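Engineer: Here are the chains, one letter per residue:
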Amino acid sequence: MANAHPPSPSPEHSYVDYAYDQPGSPPGTLQIRADAPPPQIVLIDYNAKTAVRQVIEAPEDCSPYLDTRSVSWIDIQGLGDESIWRRIAQVFELHPMILEDVVNVPQRPKVEDHEDQLVVVTHMVMVVPDQERFLQEQVSFVLGPNYLLTVQEEPRYDCFDPIRARIRYRKGSLRQRQADYLFYALLDAIIDGYFPVLELYGERLEALETKVTDAPHTKTLAEIHQIKRELLSLRRSVWPHRDAIAALLHKDNPLISTDVKIYLRDCYEHVVQVLDMLETYRELASSLMDVYLSAVSNRMNEVMKTLTVISTIFIPLTFIAGIYGMNFNPTVSPLNMPELNWYWGYPAVWLLMLAVASGLVAFFWRRGWFENFSPADSSAKPSG
Amino acid sequence: MANAHPPSPSPEHSYVDYAYDQPGSPPGTLQIRADAPPPQIVLIDYNAKTAVRQVIEAPEDCSPYLDTRSVSWIDIQGLGDESIWRRIAQVFELHPMILEDVVNVPQRPKVEDHEDQLVVVTHMVMVVPDQERFLQEQVSFVLGPNYLLTVQEEPRYDCFDPIRARIRYRKGSLRQRQADYLFYALLDAIIDGYFPVLELYGERLEALETKVTDAPHTKTLAEIHQIKRELLSLRRSVWPHRDAIAALLHKDNPLISTDVKIYLRDCYEHVVQVLDMLETYRELASSLMDVYLSAVSNRMNEVMKTLTVISTIFIPLTFIAGIYGMNFNPTVSPLNMPELNWYWGYPAVWLLMLAVASGLVAFFWRRGWFENFSPADSSAKPSG
Amino acid sequence: MANAHPPSPSPEHSYVDYAYDQPGSPPGTLQIRADAPPPQIVLIDYNAKTAVRQVIEAPEDCSPYLDTRSVSWIDIQGLGDESIWRRIAQVFELHPMILEDVVNVPQRPKVEDHEDQLVVVTHMVMVVPDQERFLQEQVSFVLGPNYLLTVQEEPRYDCFDPIRARIRYRKGSLRQRQADYLFYALLDAIIDGYFPVLELYGERLEALETKVTDAPHTKTLAEIHQIKRELLSLRRSVWPHRDAIAALLHKDNPLISTDVKIYLRDCYEHVVQVLDMLETYRELASSLMDVYLSAVSNRMNEVMKTLTVISTIFIPLTFIAGIYGMNFNPTVSPLNMPELNWYWGYPAVWLLMLAVASGLVAFFWRRGWFENFSPADSSAKPSG
Amino acid sequence: MANAHPPSPSPEHSYVDYAYDQPGSPPGTLQIRADAPPPQIVLIDYNAKTAVRQVIEAPEDCSPYLDTRSVSWIDIQGLGDESIWRRIAQVFELHPMILEDVVNVPQRPKVEDHEDQLVVVTHMVMVVPDQERFLQEQVSFVLGPNYLLTVQEEPRYDCFDPIRARIRYRKGSLRQRQADYLFYALLDAIIDGYFPVLELYGERLEALETKVTDAPHTKTLAEIHQIKRELLSLRRSVWPHRDAIAALLHKDNPLISTDVKIYLRDCYEHVVQVLDMLETYRELASSLMDVYLSAVSNRMNEVMKTLTVISTIFIPLTFIAGIYGMNFNPTVSPLNMPELNWYWGYPAVWLLMLAVASGLVAFFWRRGWFENFSPADSSAKPSG
Amino acid sequence: MANAHPPSPSPEHSYVDYAYDQPGSPPGTLQIRADAPPPQIVLIDYNAKTAVRQVIEAPEDCSPYLDTRSVSWIDIQGLGDESIWRRIAQVFELHPMILEDVVNVPQRPKVEDHEDQLVVVTHMVMVVPDQERFLQEQVSFVLGPNYLLTVQEEPRYDCFDPIRARIRYRKGSLRQRQADYLFYALLDAIIDGYFPVLELYGERLEALETKVTDAPHTKTLAEIHQIKRELLSLRRSVWPHRDAIAALLHKDNPLISTDVKIYLRDCYEHVVQVLDMLETYRELASSLMDVYLSAVSNRMNEVMKTLTVISTIFIPLTFIAGIYGMNFNPTVSPLNMPELNWYWGYPAVWLLMLAVASGLVAFFWRRGWFENFSPADSSAKPSG
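Residue numbers (the numbering used here), protein chains in the order written: chain H, 19 to 402; chain X, 19 to 402; chain V, 19 to 402; chain W, 19 to 402; chain B, 19 to 402.
In short, the hints are calculated from the structure, not lab data.
For clarity, every value in this text was computed on a predicted model and none was experimentally measured.
Any given hint could turn out to be false.
For identical chains, the list gives no copy identity; a pair is met inside one copy or between any two copies.
With a straight-line cut-off of 25 Å between C-alpha atoms, the simulated DSS-like cross-links for lysine-lysine are [to be verified]:
id: 1; residue 1: Lys189; residue 2: Lys279
id: 2; residue 1: Lys279; residue 2: Lys128
id: 3; residue 1: Lys67; residue 2: Lys189
id: 4; residue 1: Lys279; residue 2: Lys269
id: 5; residue 1: Lys67; residue 2: Lys128
id: 6; residue 1: Lys237; residue 2: Lys67
id: 7; residue 1: Lys128; residue 2: Lys269
Let the hints inform the model, and build the full structure from the sequences given.
Structural biologist: Quick look at the structure:
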């Protein structure tokens with residue numbers, strides 16, 4: 019059965035899937051999970067001419083790069099060690115609330131202005147290659163005048179490799195641009211990452227559609243419910259991106275140039291497309307539930323027809339046979355079952371039974387009840 | 019069966035039906051399908067006095083026309099050859115994002131201002147003559163000061179022929195007008211093209227309505243689901259047109275004169291009408307699903323009634339026959355089935371059975387259960 | 019059956035019910051139906067002192083009246099003759115788009131400013147007296163400085179007669195007022211005309227409600243679907259009136275005086291009332307669909323109970339009878355059916371069967387299954 | 019049955035429940051019902067020191083009170099006599115549209131500014147003491163500089179008595195305040211009057227909930243539909259109050275002092291609470307419909323299980339009995355039913371039948387089908 | 019059964035759950051329940067250096083603290099004694115409407131500006147430790163220049179203890195801040211308190227999901243309805259918080275500093291998260307209702323299949339046995355049941371019956387009807 023439908027691409031977080039503070043704890047309290055990997059810091063510093071990639075050990079080593087006019091991309095993967103995070107906050111002068119948003123994952127995607135920093139929280143989804151499931155993690159951006167800080171939950175494969183390659187091999191105009199363009203490029207990669215996930219769901223829905231009409235199974239129902247639940251969860255993840263990017267477009271912020279806004283507009287279009295499709299999928303899944311219900315009703319109908327046809331044909335016949343199994347004594351009265359002593363009695367009963375059966379079969383035929391039993395020639399009958 | 023219902027006018031694109039970039043690819047990356055036809059460029063240059071139609075080989079041949087004061091309509095069909103597209107972008111000074119929108123089809127319909135160019139992305143639908151299906155493709159407009167660039171996906175029959183004729187034969191005021199009016203005329207043709215498609219769906223819905231109440235079939239369900247899916251998809255295609263045209267109306271753009279805006283208002287009205295109707299169709303399709311479910315329930319009811327009527331009439335009769343088929347020995351006791359030796363025994367049993375059967379038939383009759391079996395005179399019975 | 023429910027007050031236009039141009043045709047193209055009646059023009063010119071009613075043959079005969087300071091109401095009924103319409107457009111200096119809106123019916127209700135003319139498109143509904151159906155046609159208004167042009171689709175009974183009488187017999191203040199007040203009076207008559215139509219639907223819904231709970235029939239379902247469809251269609255017709263009148267209220271237009279706006283506010287209230295009620299009706303119709311489904315389920319339940327009660331009582335009895343119909347040879351063994359030779363054998367079997375039947379009846383009675391069979395005293399049983 | 023559920027607190031007006039003019043009648047036409055009681059006018063004139071209550075015979079007798087600086091509350095009950103109403107309009111200088119709103123009941127609740135008068139139309143509901151139903155009537159307010167005119171439909175018990183007492187016995191600060199505070203006090207009494215009505219519905223819903231799960235009856239369905247219909251109607255009555263009071267709060271009107279607006283804000287909160295609860299009730303009623311449907315399905319399931327258990331146990335047994343009731347002649351062949359002559363034949367058949375029956379019972383037991391028959395120990399079985 | 023699902027975390031207030039005045043009572047009338055505990059007043063006065071906690075006996079004892087520049091937090095628990103409340107109102111100069119909001123619980127959450135006081139009404143939820151239910155009570159805030167008044171319904175465990183500890187042990191920056199920050203800290207604690215409640219519902223929904231697909235029981239339905247009802251009630255409680263906090267963020271109020279607004283933004287994010295999840299839960303609960311309905315249908319299907327399979331196999335067999343139980347007299351005619359005297363008669367009948375049974379079993383097998391009986395190998399069959 020496992021191969022019959024694509025396995026569930028269930029996201030990692032589910033149900034109560036926002037990080038929340040212990041009620042009453044002071045703002046800025048960090049919630050570090052015990053098994054969270056320690057942060058790995060990679061700095062890429064580039065301008066049109068040179069590009070340096072460096073693995074940073076101590077957060078303070080970033081400081082010299084922040085003052086230069088070249089673009090510094092500090093990519094931190096892993097949320098593990100509170101003391102290191104406190105030092106990172108110091109180096110980048112992060113407001114305690116920013117630190118909380120970045121470390122206490124997952125947060126709702128959003129955009130926040132903090133004087134000379136722009137904080138953007140997003141969710142990245144990645145289809146695991148060759149598997150029909152996807153991973154989801156929070157990616158936070160802190161955009162400063164000449165630097166971009168990105169924070170990912172875990173040090174693993176992300177969707178930023180093509181951009182790292184574009185920096186390294188000078189593909190496109192990325193190297194000539196400022197930090198805001200880098201921010202756009204990464205954001206765009208995250209948004210575009212939703213499309214392959216949507217494709218997974220499209221395939222699953224199509225598989226379910228076939229299943230529902232061809233062979234509805236009790237499990238199909240649970241699958242439809244599951245897919246609805248996941249789409250709800252995904253929509254809840256995507257929807258705030260739309261508002262966040264719209265806020266980026268409409269607010270005047272010196273950190274984002276008008277030129278880059280043209281590109282962000284494209285990003286916005288893509289989020290709207292993703293939402294459009296999610297909405298459509300959700301409506302399709304709801305409709306599938308109805309189709310399933312109808313298909314079950316149809317099958318029940320078929321079962322009932324089978325029972326009814328066979329029962330109503332044989333019950334009268336059995337009654338006739340029962341009549342002539344009675345033991346009325348023909349010797350005490352000429353009225354007592356004289357049929358039993360007729361010469362043609364037995365054949366006559368058979369004829370009677372044949373007539374009754376034929377009549378009923380004809381009745382059912384005319385009402386179109388045999389249709390479902392021979393789907394091949396169903397179109398030949400008057401109705402279904 | 020294939021002729022019993024109109025074949026599905028399914029659009030060409032479905033499910034994940036927006037073009038999206040490989041996550042992380044630089045903006046402006048073109049995605050040329052291997053089988054895409056190479057672009058065919060046709061230029062029509064006209065003013066009130068003269069009109070020239072010319073097939074262009076090299077994109078650069080357009081340049082001289084762009085500087086003249088006459089209106090130049092450059093119609094490009096086919097998205098095939100990346101190098102040609104790069105040259106086209108050069109000639110028309112297209113921003114990389116414009117080029118991407120135009121070539122990476124399909125995009126969501128939208129309007130974008132780019133300094134002295136106005137980019138409008140639309141979807142054109144065309145009913146294939148004599149077939150009950152329609153084609154859908156993206157048509158992009160780039161409106162410049164004296165020229166209009168239109169880009170279609172494939173070189174085939176489009177809905178612009180009447181406008182080409184109006185230019186050629188000086189029908190209406192088109193030849194006296196500027197490029198913005200040409201743009202309006204083409205946009206209007208695209209919007210009006212949705213009406214025949216709606217008519218197709220109207221006919222399908224009406225056919226389904228008849229089918230659902232007269233002869234609900236298992237396939238009917240799948241058809242309703244299919245039509246809902248297609249209407250969702252169509253609505254997703256039309257809806258952004260509304261926003262796009264509203265943006266055209268409300269933004270001040272020197273490329274579109276106040277005079278033409280009066281005409282665009284008409285265009286807007288038409289999009290709203292299309293959406294109105296799509297919404298109505300969608301609600302009707304949903305209601306049809308309910309009607310179908312009820313119809314299935316009704317049929318099941320009918321099946322159950324048949325079973326119940328025949329079973330409950332014959333089961334007691336069979337029981338009576340069974341009684342007198344017992345072999346109690348009348349010789350050991352006068353109490354042992356003396357009926358078998360009565361003179362009127364057998365006729366009396368028949369009378370008893372007739373009485374039981376009549377009583378049950380009367381019971382069912384009074385409850386109105388025979389109604390469905392003779393629909394012709396169903397109104398004569400008390401209820402249904 | 020035809021008399022059992024009020025006949026459908028189906029509007030004249032259905033499904034694709036907006037006029038649309040052949041894609042690509044120039045704006046302003048008129049679509050005159052071959053069977054459309056030629057326009058009949060009636061001019062009523064009045065001021066506080068005098069009132070003249072004149073049937074106009076040639077459109078040009080209106081011109082002298084337009085220049086006077088008295089109010090001229092030109093009422094045109096019939097959309098038949100293109101040449102006359104071109105002349106009308108000339109006389110009243112109508113923009114080609116106005117002419118198109120007025121002649122290519124039906125359009126969506128709307129308000130449009132055209133320099134010194136205000137164009138309002140509305141739909142008039144009229145209940146046909148003594149019949150339970152209504153007619154629907156487009157009425158367009160062109161309000162100029164001293165005149166009001168109204169265009170109706172057909173020369174027949176309309177809802178303007180009371181206003182004609184108010185002009186003729188100086189009822190109310192109409193004769194003292196300007197053209198804008200006349201426009202209000204006519205618009206108000208059109209809006210108020212929706213209430214009797216709503217009353218028709220109210221009655222139909224009430225009739226359906228009774229039917230659904232008392233005697234649900236397969237046709238009832240189709241009727242509910244039909245009423246939903248008509249309410250959707252009616253709402254689509256009413257909704258734009260609301261926006262149109264709101265636009266009249268909020269836009270500053272010299273053609274409409276502040277004084278008349280107080281009256282238009284009343285008109286707006288009425289449209290909102292109509293929409294309120296339509297919305298309520300729609301929700302009621304949806305709820306009726308659910309009630310119908312439940313009623314069908316209830317009836318099926320009743321059918322199943324009948325079958326179950328009779329089957330489960332008689333099947334065990336028949337089994338017992340079958341036992342003693344077996345032919346085991348009592349002579350070869352004292353164990354072989356000695357009951358057959360007992361003195362009280364036959365009565366004992368009857369007692370056994372009575373006991374079984376009574377037990378089952380008691381079982382069903384306690385579960386309340388007999389309730390539905392005697393609705394009169396259903397409240398006496400424990401549950402239902 | 020009548021006592022089993024609270025009787026329907028059906029409002030007085032239903033379905034087409036707005037007053038509408040005969041289409042085409044002049045604005046301000048009064049629709050006086052023949053059986054409407056003549057207006058009874060009671061004037062209460064008070065200031066901080068004195069308070070006078072006087073029954074007014076001729077409307078003109080109010081005039082002297084209007085000019086004084088004391089607050090005059092003119093309460094008119096009954097809409098009967100057109101000539102008196104014309105005189106009232108004269109005395110209070112009411113615009114014809116105000117008169118129409120006040121007399122042609124019911125109108126949609128609303129607020130309208132008319133120069134130095136503020137017109138507020140509301141609906142008052144009153145639970146009839148000791149009966150589970152409520153009355154609904156329109157109460158209109160005309161607030162002038164020093165007076166407040168209130169118009170009720172009928173001269174009967176209203177919810178203003180506590181306020182009359184507060185004036186008479188100087189309770190609270192009412193006597194120190196202006197007419198706007200009196201207006202607030204009356205409006206607040208009207209709004210608070212909705213809560214007891216809501217409580218009625220809350221009780222009905224709770225009663226229905228119990229009924230639906232414990233003993234779903236066919237009538238329950240009609241009751242749920244009825245309650246939905248009434249809630250829809252009530253919501254339509256309450257909703258415009260919200261907009262009306264919000265308009266009072268946000269518009270600057272010299273007739274309402276800033277001080278009183280603080281109190282009106284409280285009034286607004288209460289309307290929102292009423293709407294909140296209505297919305298919740300409506301969703302609960304919808305959910306109840308689903309619960310009802312499921313409960314019906316569950317009962318059908320139970321019925322089917324009963325039938326299936328008994329049928330499938332006895333049908334095979336009856337078959338076995340039928341076998342040994344066959345009359346094959348054992349004398350012509352040793353193969354012909356030798357069992358009949360076996361010594362242990364009859365007991366062996368009983369054993370066989372017992373084995374079959376036990377096997378089937380065990381099968382059904384394992385599938386948990388007996389659960390419903392003994393709800394007390396249903397948790398002991400594996401599933402249900 | 020009680021342990022099988024988490025007990026209902028039903029809130030304390032239900033249905034008509036807003037406090038409302040007796041219609042017509044003067045504003046500011048207090049509704050003190052007879053069993054309400056008398057107010058216990060605790061004052062915490064702190065600045066960066068010192069912090070004093072004092073139990074206040076007479077409200078007037080608070081006065082001296084209000085004039086100091088240190089922050090005074092007056093926490094009142096219990097709404098019992100009207101005279102004390104009147105004195106409290108005097109001391110804090112509370113407007114009668116504020117007093118009403120604070121004492122007449124529950125009110126709808128809201129924010130109100132009153133000159134130099136800011137009133138915020140909120141609902142606090144607390145999960146009872148080790149029990150799967152939560153308490154709900156109103157907490158009102160009155161924020162003045164240097165003080166914060168909080169009013170709780172009952173003197174019992176609340177969620178403010180961590181904040182009291184932060185004041186006492188100088189955790190975080192609370193001691194350095196003003197009253198507005200204290201207000202934020204308490205509000206944040208209240209909002210964060212919703213998350214554990216949501217987690218309870220998440221667990222209950224997950225438990226219901228398992229139950230619905232594995233073992234749907236009649237009670238499951240009532241539980242789903244119950245959870246929907248509670249979620250509706252919870253949403254009605256949370257929703258106004260969102261508007262209230264948004265109002266705090268967007269209004270300029272000298273009592274709340276810009277600095278604290280950054281923190282309130284976080285609070286707002288959390289409310290939106292809570293609403294997001296509530297909405298998702300509600301949709302899941304609705305979907306569960308559908309799943310339940312389908313599961314019931316599926317079980318009915320299974321029951322019907324069992325009945326149909328056994329009935330349709332044995333009914334024909336019984337008929338055959340019935341045939342040979344007839345008593346036609348073979349001696350009067352060679353046509354009368356010669357089979358009974360055949361040598362192979364009895365075995366032949368058995369063969370015939372086996373053939374019929376096998377044919378029917380094969381028929382059902384091919385249609386996949388046996389699938390449900392052996393779920394373990396259900397994937398081996400063609401469909402289901």
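Engineer: Look at each hint and say if it fits the structure.
Structural biologist: Evaluated hints:
1. Within a single copy, Lys189 and Lys279 get their C-alpha atoms as close as 21 Å, which meets the 25 Å cut-off; across copies the closest is 43 Å, which misses it.
2. When the C-alpha separation of Lys279 and Lys128 is checked against a cutoff of 25 Å, the pair qualifies both within a copy, at 17 Å, and between copies, at 16 Å.
3. With identical chains, the CA atoms of Lys67 and Lys189 are at most 25 Å apart within one copy only, with a shortest distance of 13 Å there and 49 Å across copies.
4. Proximity of Lys279 and Lys269 under a CA criterion of 25 Å is satisfied in both settings, with 10 Å inside one chain copy and 18 Å between copies.
5. In this homomeric assembly, Lys67 and Lys128 never come within 25 Å of each other (Cα to Cα): the closest approach is 34 Å inside a single copy and 38 Å across copies.
6. For the identical chains of this complex, Lys237 and Lys67 are neighbours neither inside a copy (59 Å) nor across copies (65 Å), given an alpha-carbon limit of 25 Å.
7. For a Cα distance limit of 25 Å, the shortest separation of Lys128 from Lys269 qualifies both inside one copy, at 13 Å, and across copies, at 21 Å.
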